[in-house]
Amino acid sequence: MSNIESRPEIEYMLSEYKLLCSNFESIIKKYNLNTTIEKTKLGFYKREIDELDYSAFNEEYLKLFNIINKLISLNILFNSNINIQINYKDLLKIIEGSNSFDDTNEAYNDTFFELDTAIRFLKKFLELGLENNFSLNLDTGCDIIVGTKTAIECKYIHSKKRLEEQVKKAIKQIDARISDGLAEEGIIAIDLTHIMDHEKFNKIAQEVFSEFYKMHEKLSIHSFASDWIGSDILASTIEDSNFIKIVQSYHTAYLEQTFFENLNQNTRIKIKENLKVKAVIFQSRHLIVFKSPTGTTPIMNRGMTYYLNESLPEKEKKMLKGIISNLAVGI
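Numbering-wise, the sequence shown is residues -10 to 320 according to my numbering.
Where hints are given, some of them may not hold.
[Unchecked claim] Taking lysine-lysine and the DSSO-like style, the derived pairs with C-alpha atoms no more than 27 Å apart in a straight line are:
id : residue 1 : residue 2
1  : Lys307    : Lys265
2  : Lys265    : Lys113
3  : Lys161    : Lys149
[Claimed, not checked] Pair by pair, the computed Cβ-Cβ distance ranges are:
id : residue 1 : residue 2 : range
4  : Asp39     : Gln254    : 49 to 55 Å
5  : Ser215    : Asn255    : 53 to 59 Å
6  : Ile312    : Ser168    : 23 to 29 Å
7  : Glu85     : Gln254    : 37 to 43 Å
What the hints contain is simulated information worked out from the structure, not anything from laboratory work.
Every residue, glycine too, gets a C-beta built ideally from N, C-alpha and C.
Hey, can you work out the whole structure from these sequences and the hints?
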């Protein structure tokens, strides 16, 4: 039996989850709703957290970490110093539904993905120190309006068969936002989490991890690098930049395969013929469980890549690539 590593990032995650519960409790009180956090799935997950036993490896715990890690990203939306227009009552959709640990097909993911995409752009502006030039509107008929110019239509894909349909729908919605004067251009954001074969990806990621672990194990014994690696081989392996690059590169390639193989040439032509549709960004996020002789640690893997409208001028493509490629991703 392996141990789940109780690392600082996990402790931080659990601390942020308590803050999240407090933030949602404030919404419930503000709107005088006849419930409490304890009666929602946030309360259910909180009770599960309180009962965590780190001495036992349990797949259900890892699924719980996956959900918690995902949800805590919403805390930034409660920052009063950021220019965000949002109907906070709509946030309560996030805590509706069942208490399932297998939640990738739950209805709340549609709303969550809109918020998650907005947060990606928000964090990028904060990183660049441009928060005073940034405004975010999630309270229109459009999923997201960034500034006064860009509409972002978000589609969480529940079935491979519906990917094509959802992309075409998003193109029409961008045209409608422009016609209504809400925006001047648009980007389509797609979440492929539910239709990705995570078991296949995890298998390959684990094989890569095992090879790097063996490498670090050898280097930790009286080598040039032994002082750098130290006694925590699991930690040094997870933090190895070469290991991270390989896992991220494979995830990006797998994302692209999943996206492109489920769309036909007609959709590509529709995008190329519409210069107002600037790009399609697509992502997947899930927990990877890395197992070693000394322990097991869950790591959130968040990958994203993009397709730029091929008809755009090269200068505009370069500008878009710079913005999109730097949105928050990684393990």
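Consistency of the hints with the structure:
Restraint check for lysine 307 and lysine 265: the C-alpha separation of about 16 Å stays at or below 27 Å, so the hint holds. With a C-alpha separation of about 22 Å, the suggested pair lysine 265 and lysine 113 falls inside the 27 Å cut-off, and the hint holds. Under the criterion of a C-alpha separation no larger than 27 Å, the hint pairing lysine 161 with lysine 149 is consistent with the structure, at around 20 Å. Between aspartate 39 and glutamine 254 the beta carbon distance is about 53 Å. The supplied range of 49 to 55 Å therefore holds.
A C-beta distance of roughly 58 Å is found between serine 215 and asparagine 255, which places it inside the suggested range of 53 to 59 Å. Hint check: isoleucine 312 to serine 168, Cβ distance near 25 Å, so the stated range 23 to 29 Å holds. Taking the beta carbon of each, glutamate 85 and glutamine 254 are about 39 Å apart, inside 37 to 43 Å as hinted.
The earlier numbered hints are all upheld by this structure, with none contradicted.
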